[in-house]
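2 protein chains.
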Amino acid sequence: MEGRQGNLSTDSRIKVDSIGKEIIVVIQGERGSYSEVAATRLLGNKITLVCCERFEEVFKLTAKNDNHYCLIPLENSLSGSIHKNYDLLLRHKLKITREINLQIKHNLITAPGVSFKEIDTVFSHPIALDQCNRFFEKFPCLVKRSAYDTSGSVKRIVEGNLRDSAAIAGKQAAEYYGGDIVMTGIQDNRENFTRFVLLGRELEIRKKADKTSIAFSFGNTAGALFKCLSVFALRDIDLTKIESRPIHGRPWEYLFYLDFLGNTSEESTLKALDHLGELTDFLEVLGCYPRDASHEKKGM
Amino acid sequence: MEGRQGNLSTDSRIKVDSIGKEIIVVIQGERGSYSEVAATRLLGNKITLVCCERFEEVFKLTAKNDNHYCLIPLENSLSGSIHKNYDLLLRHKLKITREINLQIKHNLITAPGVSFKEIDTVFSHPIALDQCNRFFEKFPCLVKRSAYDTSGSVKRIVEGNLRDSAAIAGKQAAEYYGGDIVMTGIQDNRENFTRFVLLGRELEIRKKADKTSIAFSFGNTAGALFKCLSVFALRDIDLTKIESRPIHGRPWEYLFYLDFLGNTSEESTLKALDHLGELTDFLEVLGCYPRDASHEKKGM
Numbered sequence: 001m002e003g004r005q006g007n008l009s010t011d012s013r014i015k016v017d018s019i020g021k022e023i024i025v026v027i028q029g030e031r032g033s034y035s036e037v038a039a040t041r042l043l044g045n046k047i048t049l050v051c052c053e054r055f056e057e058v059f060k061l062t063a064k065n066d067n068h069y070c071l072i073p074l075e076n077s078l079s080g081s082i083h084k085n086y087d088l089l090l091r092h093k094l095k096i097t098r099e100i101n102l103q104i105k106h107n108l109i110t111a112p113g114v115s116f117k118e119i120d121t122v123f124s125h126p127i128a129l130d131q132c133n134r135f136f137e138k139f140p141c142l143v144k145r146s147a148y149d150t151s152g153s154v155k156r157i158v159e160g161n162l163r164d165s166a167a168i169a170g171k172q173a174a175e176y177y178g179g180d181i182v183m184t185g186i187q188d189n190r191e192n193f194t195r196f197v198l199l200g201r202e203l204e205i206r207k208k209a210d211k212t213s214i215a216f217s218f219g220n221t222a223g224a225l226f227k228c229l230s231v232f233a234l235r236d237i238d239l240t241k242i243e244s245r246p247i248h249g250r251p252w253e254y255l256f257y258l259d260f261l262g263n264t265s266e267e268s269t270l271k272a273l274d275h276l277g278e279l280t281d282f283l284e285v286l287g288c289y290p291r292d293a294s295h296e297k298k299g300m
Numbered sequence: 001m002e003g004r005q006g007n008l009s010t011d012s013r014i015k016v017d018s019i020g021k022e023i024i025v026v027i028q029g030e031r032g033s034y035s036e037v038a039a040t041r042l043l044g045n046k047i048t049l050v051c052c053e054r055f056e057e058v059f060k061l062t063a064k065n066d067n068h069y070c071l072i073p074l075e076n077s078l079s080g081s082i083h084k085n086y087d088l089l090l091r092h093k094l095k096i097t098r099e100i101n102l103q104i105k106h107n108l109i110t111a112p113g114v115s116f117k118e119i120d121t122v123f124s125h126p127i128a129l130d131q132c133n134r135f136f137e138k139f140p141c142l143v144k145r146s147a148y149d150t151s152g153s154v155k156r157i158v159e160g161n162l163r164d165s166a167a168i169a170g171k172q173a174a175e176y177y178g179g180d181i182v183m184t185g186i187q188d189n190r191e192n193f194t195r196f197v198l199l200g201r202e203l204e205i206r207k208k209a210d211k212t213s214i215a216f217s218f219g220n221t222a223g224a225l226f227k228c229l230s231v232f233a234l235r236d237i238d239l240t241k242i243e244s245r246p247i248h249g250r251p252w253e254y255l256f257y258l259d260f261l262g263n264t265s266e267e268s269t270l271k272a273l274d275h276l277g278e279l280t281d282f283l284e285v286l287g288c289y290p291r292d293a294s295h296e297k298k299g300m
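Just so you know, the protein sequences line up as chains A and B, in that order.
Position one of the first sequence corresponds to residue 1 (the working numbering), numbered consecutively onward.
Position one of the second sequence corresponds to residue 1 (the working numbering), numbered consecutively onward.
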């Protein structure tokens, strides 16, 4: 692995919200998805959405086109990190330019006029189905069916006018396809948030950015992780997330993804990264962006 | 969450390999699976296997029966941690009593007499399919089909005598069901190892145990993770793995799983855990067992 951050503070072009310019945003899943809600909440309605079935396509398309961004989920407060997207982020050399935490509220949605009593099958993304376990325990006669997308499941039952099926998705999917919401808020846990990030091909660092994401790895020596974290602790820099991923071809060695509060133009952050560079054999800045502090606790 | 370790050094009964006693081992998946290979390699042939379709059943069965153990995969050197099993481990209050690293070698297996040219569909567990991407790129005419288990896929194609399908699994599955291995070593990466752990209802600590697994969490304060790792670094205790998982109901707060080299009867380990207890609001010892050092690098 290679890669080391350059002089970050000079590479601070801002493109995402250039006034009047159309922004192309690639998402995984169909129109009406939680990703679309997060994209419009972050960037407004003047965006052109491109929908892909698989995350690999989302990343490839964004990496190929200079004027494309993608908005992808990186973490859910209940199910945890979406590791595939961490791996893809580094593989396609994309950078995090923004983040947004979206509260997830699942609904049971049917084709128009279908009542709850008529249904025996419920379609949705496996994670959404998992997040509604108590609902399924209450109605054991309902059969769960996995699909690749929440809103895609609504599209399927409404366009196919399925009279024995429902889908679990956000209310915006019901609105988009014209489905009926027959039950609201069916998720087990109300504290259900997904952290989405907007990715582009280049680092875009704003002055008001206060959160930085990095990836790093080091040779296996005792106390190495402790030393790496010391570069932040010694400067009172708050960590908000640490995640480990296996390194392919080096069994039981790990790559770390770390989020911390700080801007790469601040001296303390630059010094910390410089210091970290001495301790690691791979270090890459994945982004420096304004933190979405809603529903977020600080410090680790 | 509650839980704090007791006086560990006194709770050191050894049951797993009591001579002459039959051991019941619960696994996920069908006979002939990688889990079965790992179980016999760890415990010999004098075990009674109980096969379950889902990990939830494996954990429930083990938690209910005093004489049951389960052998479950916790981590793969390519795809990473199996987070569901980390969550289940804590939820069912099971303890790690042994570990074994198994090299994974995937094969293409057909019903007897079926040649490679005849097949158009390949069944296996999604992770096994993912680990053979180059094989599928080389033969784009083959359609991947997800199944809940590698060996279960072999059972299906052999028992059903499917003439147009193959399965990806270990060679022991071909032997068990009488399938033909038509291609060997089709995984992308040879450095493919799965770490399995044997779980029981109680801590069983041997004198020769040299690895300890714990789970802990702490309130959100700056530098808290650094302080927690300091209890090990200050005593030159090597970490081998750290994993974070979300805490349900407390968005963006994490529970940490940590493995380190040490026995809970050693003074330095006891002191480190005592020290860690001061810094955490939850701490639990998940097991203290002999490390399988094959294919393992030390230190973090």
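Incorrect hints may appear among the rest.
Identical copies go unnamed one by one, so any copy, or any two together, can satisfy a pair.
Heads up, simulated DSBU-like pairs for lysine-lysine below, C-alpha to C-alpha not over 35 Å straight-line [stated by the list, open to error]:
| hint | residue 1 | residue 2 |
| --- | --- | --- |
| 1 | K138 | K60 |
| 2 | K93 | K138 |
| 3 | K207 | K84 |
| 4 | K64 | K144 |
| 5 | K227 | K144 |
| 6 | K207 | K138 |
| 7 | K64 | K138 |
| 8 | K93 | K171 |
| 9 | K207 | K117 |
| 10 | K171 | K271 |
| 11 | K144 | K84 |
| 12 | K84 | K117 |
Hints listed in this document are in silico derivations from the structure and should not be mistaken for laboratory results.
These numbers were taken from a predicted model, which means no experiment stands behind them.
Tell me, which hint numbers fail for this structure? The structure breaks hints 5, 6, 9, 10; every other hint is satisfied.
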